[in-house]
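Engineer: Spelled out from the first residue to the last, the chains are:
Number of protein chains: 2
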Amino acid sequence: MAEKYVYLFYEGKASMKNLLGGKGANLAEMTNIGMPVPPGFTITTEACTKYYEDDETISDSIKLEILQYIRRLELKSNKQFGSNENPLLVSVRSGARASMPGMMDTILNLGLNDEVVESFAIKTGNPRFAYDSYRRFIQMYSDVVMEVGKSYFEKVIDEMKDARGVELDTELTAEDLKELAEKFKVEYKDKTGEDFPQDPIDQLFGAIEAVFRSWENPRAQYYRRMNDIPSSWGTAVNVQSMVFGNMGDTSGTGVAFSRNPSTGEKGLFGEFLMNAQGEDVVAGIRTPEPIEVLKDINSAVYSQFATIVETLEQHYRDMQDMEFTIEEGKLFMLQTRNGKRTADAALRIAVDLYDEGMISEKEAVMMLDPKQLDALLHPQFDPKQLKISTPIGNGLPASPGAATGQVTFTAEDATAWAKAGKNVILVRLETSPEDIEGMNYAEGILTARGGMTSHAAVVARGMGTCCVAGVSDLKIAEDGKSFQLGGQTVNEGDFISLNGSTGEVYGESISTVPAKITGDFSRLMDWADKYRTLQIRTNADTPNDAVQARTFGAQGIGLCRTEHMFFEADRISAIRQMILSETVEQRTEALAKIEPYQRKDFEELYEAMIGMPVTIRLLDPPLHEFLPTNPEDIKLMAENLGVSVEDVEYTISTLHEFNPMLGHRGVRLDITYPEIAKMQTQAIINAAVTVKKNHPDWPVRPEIMVPLVGDVAELKFVKKVIKETAESIIEESGLEIDYQIGTMIEIPRAALTAAAIAEEADFFSFGTNDLTQMTYGLSRDDAGKFLDAYYDKKIYEADPFAHLDQTGVGRLMEIAIADARTVKPAIKLGICGEHGGDPRSVEFCYHLGLDYVSCSPYRVPIARLAAAQAALNEAGN
Amino acid sequence: MAEKYVYLFYEGKASMKNLLGGKGANLAEMTNIGMPVPPGFTITTEACTKYYEDDETISDSIKLEILQYIRRLELKSNKQFGSNENPLLVSVRSGARASMPGMMDTILNLGLNDEVVESFAIKTGNPRFAYDSYRRFIQMYSDVVMEVGKSYFEKVIDEMKDARGVELDTELTAEDLKELAEKFKVEYKDKTGEDFPQDPIDQLFGAIEAVFRSWENPRAQYYRRMNDIPSSWGTAVNVQSMVFGNMGDTSGTGVAFSRNPSTGEKGLFGEFLMNAQGEDVVAGIRTPEPIEVLKDINSAVYSQFATIVETLEQHYRDMQDMEFTIEEGKLFMLQTRNGKRTADAALRIAVDLYDEGMISEKEAVMMLDPKQLDALLHPQFDPKQLKISTPIGNGLPASPGAATGQVTFTAEDATAWAKAGKNVILVRLETSPEDIEGMNYAEGILTARGGMTSHAAVVARGMGTCCVAGVSDLKIAEDGKSFQLGGQTVNEGDFISLNGSTGEVYGESISTVPAKITGDFSRLMDWADKYRTLQIRTNADTPNDAVQARTFGAQGIGLCRTEHMFFEADRISAIRQMILSETVEQRTEALAKIEPYQRKDFEELYEAMIGMPVTIRLLDPPLHEFLPTNPEDIKLMAENLGVSVEDVEYTISTLHEFNPMLGHRGVRLDITYPEIAKMQTQAIINAAVTVKKNHPDWPVRPEIMVPLVGDVAELKFVKKVIKETAESIIEESGLEIDYQIGTMIEIPRAALTAAAIAEEADFFSFGTNDLTQMTYGLSRDDAGKFLDAYYDKKIYEADPFAHLDQTGVGRLMEIAIADARTVKPAIKLGICGEHGGDPRSVEFCYHLGLDYVSCSPYRVPIARLAAAQAALNEAGN
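Taken in order, these protein sequences are the chains called A and B.
Its first residue numbered 2, the first sequence is counted upward by one per residue in the numbering used here.
Its first residue numbered 2, the second sequence is counted upward by one per residue in the numbering used here.
Read the hints as simulated data drawn from the structure, not as lab findings.
Be aware that a few hints might be false.
The list treats identical chains as interchangeable, and a pair is accepted whether it falls inside one copy or across any two copies.
[Claimed, not checked] Within a straight-line C-alpha distance of at most 35 Å, the following computed DSBU-like cross-link-like pairs (lysine-lysine) qualify:
{"no.": "1", "residue 1": "Lys64", "residue 2": "Lys124"}
{"no.": "2", "residue 1": "Lys829", "residue 2": "Lys786"}
{"no.": "3", "residue 1": "Lys517", "residue 2": "Lys14"}
{"no.": "4", "residue 1": "Lys482", "residue 2": "Lys636"}
{"no.": "5", "residue 1": "Lys476", "residue 2": "Lys372"}
{"no.": "6", "residue 1": "Lys517", "residue 2": "Lys694"}
{"no.": "7", "residue 1": "Lys679", "residue 2": "Lys51"}
{"no.": "8", "residue 1": "Lys476", "residue 2": "Lys184"}
{"no.": "9", "residue 1": "Lys594", "residue 2": "Lys694"}
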């Protein structure tokens with residue numbers, strides 16, 4: 002059998018969504034369960050894929066197949082393409098596997114031409130309707146197929162309305178509309194050099210090709226990237242007999258939801274317009290009526306529709322979003338799909354459907370998009386105010402939520418202003434560890450550079466603070482007192498707003514509504530936990546973060562970055578003294594000053610986690626990150642430490658690195674200065690002893706994690722230092738402390754030599770941020786400059802720092818896991834890269850067989866839900 | 002059977018070198034072929050390994066085994082440990098698998114104590130000899146076993162000589178020497194807190210342990226690292242009955258070679274001393290006599306020795322290096338081994354032995370250490386002058402050869418001074434592409450930073466210029482007019498000398514002798530080529546390099562780095578104009594200026610390679626490398642291009658990268674600016690067309706190589722640009738040009754997704770420099786700062802940038818090769834990292850099944866020889 006690229010609606014069904022697209026599959030389903038659907042057929046997504054394989058042409062064999070289906074449609078509808086007697090008019094609409102509202106193109110009234118329109122006017126007895134349909138068709142076709150700009154047509158219409166002295170399109174007469182159609186055709190010829198096509202078959206192929214092409218238009222590409230839809234899916238094309246809502250006052254068109262998409266409240270929710278075609282409802286020129294009003298206009302149609310809605314919701318067992326048209330008093334269904342909804346609504350609908358007995362717990366768990374939970378956990382913009390605001394720029398959605406405040410350009414100002422009661426947004430070229438306090442005080446953080454795992458992004462997510470990163474168009478003025486973005490100059494103290502969930506930046510204040518967690522949330526998360534097997538830990542550096550994460554359901558800390566504790570004023574001086582040390586003795590002395598602080602940090606962290614495991618990573622960043630960069634701070638540091646400015650400058654110059662990411666950091670610090678590992682172990686174990694004494698019933702389980710290991714010999718060396726230090730403290734304490742020593746797998750070589758490393762490690766934690774950087778040879782801080790070109794040219798479909806690259810990085814993980822489990826079947830395996838909070842990556846980790854994923858506190862619920870869905874998906878639920 | 006850790010000499014043979022060490026195996030062999038060897042036994046290298054496994058203790062079971070062998074030795078020699086009647090005295094000497102002369106420790110005369118020495122004096126009738134032996138023993142034991150410094154003992158001897166008014170040790174009387182022994186024992190007790198051990202068994206275990214320990218002394222570690230000897234091999238220990246060359250005028254000791262180790266000339270070559278123990282020959286206090294003089298002193302012994310030498314050379318079929326002792330007129334052989342020799346001698350001996358019918362061609366090929374060829378291809382220091390010079394510092398042996406000249410600190414000065422007829426050494430913190438001209442004019446290059454694959458190292462090797470890189474102790478003064486190293490201040494214009502083969506830096510002028518290639522060289526390389534299957538290409542950027550490499554036997558260019566062509570004055574301006582461009586048109590216009598230059602470069606390169614394949618890599622470095630860094634040059638650039646200084650500074654600031662190694666470079670440039678790939682393809686193909694026209698019989702085979710690919714989509718994108726450009730030029734020319742498009746595999750992800758990439762590539766070239774950096778997460782420019790700690794702590798045994806890491810990087814290569822060959826069995830595979838010239842890595846590449854290795858021109862002969870040896874090794878030759 003030759004491949005089949007076209008299906009009549011009655012040949013399909015809902016489960017064929019991958020092939021027929023969502024719209025096509027649901028039209029087929031509705032057709033087959035007896036709904037009033039105008040006849041039509043669907044050209045498959047595979048035809049779209051083939052179109053791109055064939056260098057953007059529709060092959061002759063597919064064209065032939067389409068023509069055969071047009072013939073069937075003609076027979077079925079008793080109409081004929083190009084006929085003056087009984088012309089077949091069709092709509093041509095895109096319909097991808099995943100719903101992408103408004104992203105692709107639609108053409109209505111296809112089949113009209115100069116002749117057909119005349120007889121159509123006569124036959125319908127409604128010339129105004131006929132010419133209106135024709136001018137709409139020319140306009141849409143020109144725009145979509147030939148990419149002739151819309152604005153010209155709008156101008157011509159406006160000119161005519163002015164000339165006639167009318168305000169609404171509907172006030173134009175049939176003659177006016179006929180004249181418009183003529184004018185449009187002239188413009189078409191002017192712009193394209195060709196006559197407007199009169200043969201309906203030419204029109205049809207032009208339209209189908211346009212829909213295929215629209216799959217790769219910039220807004221579709223952008224939408225897919227934002228929503229993780231692969232470019233390889235392609236779109237289907239639906240060709241359907243036209244029904245007309247614009248045939249007069251007994252005709253109309255509308256959209257409706259089976260439940261309120263904002264709140265989830267049960268009940269029909271929608272709007273409609275009489276004597277209108279689909280685009281009029283959304284165009285905003287005439288104000289649509291609430292759906293209830295239809296009852297008064299045509300109560301039979303209304304109750305037929307209400308019954309259909311009920312049936313469809315029961316049939317799909319989910320809230321439905323539907324389009325309908327009434328043609329001369331007769332109802333037609335043009336679309337149904339599971340409706341998009343807000344996070345609040347999604348939660349309520351899932352729980353309500355369960356309570357109504359329509360779905361099971363498992364199905365309720367599967368119904369929520371984990372990413373939507375963000376909106377429940379972070380403040381959001383007031384939707385009404387958002388509607389009338391336009392962003393002045395956008396960057397990466399680095400940390401979700403919404404924030405409004407006054408611009409400050411330094412962390413010091415952010416702190417001071419916030420203490421003075423202002424809401425501030427901290428704007429930086431990029432943030433550095435020194436900015437930590439200001440970041441903590443800020444409502445939101447905005448950076449010009451840096452990617453999804455830049456310092457700003459990582460820290461902000463940890464804090465649950467809204468952050469937009471890598472806004473590459475943002476230019477900070479030389480005096481650091483204003484910035485330029487989207488043609489607007491924003492001065493220090495001006496209000497701006499950030500949407501950390503979309504990456505949008507607004508040059509004005511937009512009020513926000515606070516996050517709220519309802520009882521429905523806990524119910525749903527409890528159901529999720531029932532089916533989840535993957536453990537969820539959190540990346541937390543402070544007791545606050547830890548408590549927050551535990552509230553959200555974290556089962557331990559998977560990554561505590563100790564260096565974040567080094568920047569507070571009283572500690573940084575000791576760190577700097579350590580860096581300036583020339584002998585082991587000097588270094589040990591400086592480190593001894595830090596130990597009590599670290600110990601206290603760890604005590605608080607253990608307390609916060611009430612006995613759950615706490616993974617603490619030894620110092621990771623290169624030492625130069627702890628040194629000041631501007632002359633003033635250098636002078637201050639020299640004074641504080643009683644050394645010369647030259648000495649400090651010399652140290653800074655010797656620590657300079659060409660590629661700090663690949664430099665003297667992680668375990669390499671412990672190899673050169675074992676004193677550091679020793680001090681940190683002392684702090685970790687001493688703290689564990691204290692907490693164990695206070696809570697003898699808690700297990701208290703520190704897991705000491707050595708970063709950046711690339712060779713087992715590194716781990717062996719540091720492990721010896723850790724073990725000797727830990728065991729002497731434990732022995733002295735007389736307690737039993739169950740500590741473990743493990744390593745990050747974040748260097749490709751570590752994954753490739755995992756068998757040897759596993760011999761020495763109690764656990765592995767995949768540090769997929771660095772592992773991604775090194776596997777790709779891609780610096781997360783520099784990639785922002787060219788990643789856009791990579792998306793535009795379809796080299797990358799997604800940011801590998803946001804979604805784990807399953808092909809390359811994933812293969813390294815598979816190698817490491819298989820090899821490690823061969824030598825040590827019970828080795829504990831987790832992930833602590835930012836991917837741990839990305840649903841798609843969580844699913845991948847589940848399939849890899851990891852024991853846990855660890856993510857920032859505000860992503861813990863997302864990971865919980867994603868992990869449950871992964872388990873249910875695998876079990877076939 | 003329990004494991005056996007000890008072998009009597011007659012239980013071993015030459016082939017047991019891995020177990021018995023070189024010395025032990027050869028003592029066994031000599032014993033078994035009837036040579037006069039004092040009896041003894043060997044404690045195996047496995048015992049040494051076990052010693053380290055057992056936390057640096059000799060296990061009781063091994064001690065027991067040793068004692069049993071001491072008993073056998075006592076029976077065999079009719080002497081007894083600690084006996085006054087007939088005391089057994091032994092030497093305890095190290096002997097590793099590979100010869101490490103002088104790196105480890107030796108103890109003679111072990112078995113003497115206060116009592117034994119008395120009766121020994123009486124029994125030998127030579128009290129002076131007895132006390133001399135005893136004081137030597139105490140001295141050696143103290144030094145080696147208890148690590149009591151030698152200097153004290155030297156001082157005591159000098160004081161005594163002063164007191165006695167004598168000059169030579171031999172003028173001291175028996176009584177003097179006895180007194181010395183007493184003083185030494187007191188010092189021993191002072192320093193160690195213990196009496197000098199009187200029990201010979203205690204002495205023996207102390208000595209054996211000291212030898213094991215000496216395997217890890219710093220100089221042994223350093224030697225191993227320089228000579229690629231794994232730490233896991235361990236050393237054997239030889240315990241042998243003493244024979245005495247210091248028993249009077251009929252006794253003596255000496256060393257000899259069967260051929261001249263400097264020239265290779267056939268004939269006995271050596272020296273000896275009568276009435277002396279081994280160390281006196283080398284100590285330089287008395288001047289040894291040439292070996293021929295022995296004929297006059299004891300012609301019977303001389304001719305016995307000459308016969309033995311002849312026998313041993315025939316037996317081992319190689320030049321021998323022997324130690325002998327004459328005890329009261331009786332000859333004893335104490336060692337034989339294949340002699341170390343200069344490169345000249347090695348070549349001559351291999352060819353002579355073949356001509357003498359002693360060895361086959363294959364054996365001659367196997368006889369040469371490929372690394373030794375360096376010395377034949379580069380100037381070397383005059384050995385006489387070198388002997389009296391001490392280095393003031395050392396760094397990495399980045400490019401071999403020797404150089405002497407006056408210090409300059411800028412490339413401009415180097416050029417100017419060299420043009421004025423001076424020999425200059427260019428000293429830089431690190432070099433950058435802008436320095437290229439000065440580097441070319443310099444005799445040698447010295448840098449304070451950077452590793453084996455830093456810019457300086459790579460460029461110097463390409464030019465065949467001596468280079469010492471990464472001398473981390475070197476401090477350049479702030480004014481850039483002097484540097485400090487090893488306590489010496491070296492000013493601009495001062496003479497220094499560099500040994501690029503060892504990394505040593507001398508603070509003075511040392512004369513050099515030029516390289517010379519003899520007929521023997523060509524004969525041997527021809528033999529090598531007969532057995533070699535791996536192709537050898539070269540990394541060459543200029544016609545000069547290419548011709549040089551072809552002379553050395555290169556079979557094509559494996560890597561031409563096009564960016565090196567961009568720095569000449571007339572081109573850099575166009576490049577900078579390209580970088581400042583804001584539109585595609587501007588960029589294309591700037592690139593068009595560069596194309597004719599590039600085209601000419603490629604024409605010359607094809608001409609130089611007379612039709613062999615030439616692999617040309619598209620532009621690789623980040624664009625900021627082409628921009629000036631100091632204000633003066635920035636101003637000049639702005640003037641030249643007619644833009645403002647601010648514009649230039651702004652461009653520089655936007656191009657700044659945190660980790661340039663992982664930044665916007667390689668194929669990423671072609672994705673953002675396809676115009677670059679287009680221009681380079683035009684130049685490559687246009688040049689090929691011209692050369693093909695001039696030489697219709699040459700194949701002319703450009704291979705266009707896309708760098709830094711990490712995803713097949715990148716290659717696909719650029720391939721399309723290349724193909725369209727190339728094919729239109731070729732079509733127009735009417736010629737057939739056989740060009741290929743391939744990629745570097747230098748990013749871990751490329752190796753991990755090699756199957757997909759192979760579908761689009763005609764060839765892979767493993768860029769193991771970057772692949773090593775990314776697999777290790779280790780910047781070659783920054784690693785120098787901590788690699789020493791890694792060597793000291795035995796984390797790394799070798800520099801992964803010098804020797805390919807077979808475990809990690811090698812595994813990635815294996816994955817890539819297997820996957821690529823699955824989808825495209827005939828894909829051409831090569832390597833163009835610096836490892837291509839490292840013999841051990843060449844052997845690995847041979848086993849991986851690569852088609853070729855590519856290395857800098859001066860390493861081509863090394864690679865040829867190494868490849869031949871790999872093939873012969875595998876075939877069991």
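Engineer: All hints, please: hold or fail.
Structural biologist: Going through the hints against the structure:
1. Lys64 with Lys124: within (31 Å within a copy, 115 Å between copies)
2. Lys829 with Lys786: between (38 Å within a copy, 34 Å between copies)
3. Lys517 with Lys14: Neither. Shortest intra-copy (39 Å) and inter-copy (83 Å) distances fail the 35 Å Cα cut-off.
4. Lys482 with Lys636: Both. Shortest intra-copy (24 Å) and inter-copy (27 Å) distances satisfy the 35 Å Cα cut-off.
5. Lys476 with Lys372: Result: close within a single copy only, 31 Å intra versus 55 Å inter.
6. Lys517 with Lys694: Answer is neither; intra-copy 38 Å and inter-copy 77 Å both fail.
7. Lys679 with Lys51: between (62 Å within a copy, 29 Å between copies)
8. Lys476 with Lys184: neither (46 Å within a copy, 80 Å between copies)
9. Lys594 with Lys694: Answer is within: at 24 Å inside a copy they meet the 35 Å cutoff, but 76 Å across does not.
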